[in-house]
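The task is simple: from the sequences and hints, build the whole structure.
Numbering (the working numbering), first residue to last: 23 to 227.
You may find that some hints are simply not true.
[To be verified] Below, simulated DSSO-like cross-link-like pairs (lysine-lysine); rule was C-alpha separation at most 27 Å, straight line:
| # | residue 1 | residue 2 |
| --- | --- | --- |
| 1 | 209 | 174 |
| 2 | 44 | 71 |
| 3 | 44 | 55 |
| 4 | 64 | 104 |
| 5 | 98 | 174 |
| 6 | 64 | 44 |
| 7 | 174 | 55 |
| 8 | 209 | 222 |
| 9 | 174 | 185 |
[To be verified] Estimated spans, in silico, between C-beta atoms of each pair:
| # | residue 1 | residue 2 | range |
| --- | --- | --- | --- |
| 10 | 213 | 193 | 19 to 29 Å |
| 11 | 33 | 208 | 47 to 57 Å |
| 12 | 218 | 165 | 48 to 58 Å |
| 13 | 220 | 178 | 47 to 57 Å |
| 14 | 102 | 200 | 53 to 63 Å |
| 15 | 153 | 210 | 56 to 66 Å |
| 16 | 184 | 37 | 38 to 48 Å |
| 17 | 210 | 43 | 16 to 26 Å |
| 18 | 64 | 141 | 20 to 30 Å |
| 19 | 220 | 182 | 22 to 32 Å |
Just so you know, the hints here were simulated from the structure itself, not pulled from any lab data. Even for Gly, the Cβ is constructed at its ideal location relative to N, Cα and C.
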Amino acid sequence: MVDMPYMSFHLSPMQAVENAAKYVSQGGAEVMKCEGNRHHAKNIEAIIKAGIPVQGHIGITPMRMPQLGGFFAQGKTAERAKELVDDAWAMVDAGCFSIMCEVTTSEVCEHLAATLPVPVISLGAGNRAHGVHIIGSDLFHLYEKHTPRHSKIYADLVPIIEKGLSDYRDDVRARRYPAAEHTVFMKEDELAKFRQIVGKQRKTG
23 MVDMPYMSFH LSPMQAVENA AKYVSQGGAE VMKCEGNRHH AKNIEAIIKA GIPVQGHIGI
83 TPMRMPQLGG FFAQGKTAER AKELVDDAWA MVDAGCFSIM CEVTTSEVCE HLAATLPVPV
143 ISLGAGNRAH GVHIIGSDLF HLYEKHTPRH SKIYADLVPI IEKGLSDYRD DVRARRYPAA
203 EHTVFMKEDE LAKFRQIVGK QRKTG
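And the structure:
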C-alpha cells in the first residue's frame, strides 16, 4: 500500500491516475491510500476505475495539517462529525474498499463502522471499528520525546537498538565482523587463477 503524497492526486483525475499508475508499474504497489475528503472523490474514483484499489483516509490527515489547525482530534462537534461522515461516504461512493479513521472521535468511527458497507479501520479512533492500526514507531517507542495520546507503548526498543548499534560499531572496529562465517571466499584453485589474471593485468598496464 502506498500513501499517496501531498498533491499527487488532488489536482485532477488524470493526474491522480498517472501518479497511481507509476506506483504500480515502477514501485510494485498494489493498493493506494488517499488522505482526503469529499472534494477529492472524483479523482479517487478515477484511480479506482483505472483498476487500482484505494483505501480512503479521513480525520487527522497529516498532509492537511495546516488546514486542520494542528494535530487535534476531529469530530468533536456535531457539525464536524457530520462532515467526516460525508467525506467517508463520498469515498465509499467513489469505490474505496475501506476507510481509515485517524484520530476522530470514537463516536464518528463507530457510526461509520455500523453504517458503511466497507471495513472501517481505527487509528486512534476508539475500539469500535472493524480493525485497529497503530504506527510502528509509536508501538515500539522509537520517538522518545512524544507519544501520541491514542498510542500505547508495547515495547521500548530504543535501548535495544542503541545496544545493537554500539555492539555493531565495536565489532567492526575490532574486525570481529564480518567474520569468516559471514563471508564468501573463492576456492583455492579459482583464487590462484584470479591472482594470476590480475597479476598479468598489472604488468601489461
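Which numbered hints are broken by the structure, listed smallest first?
1, 17, 19
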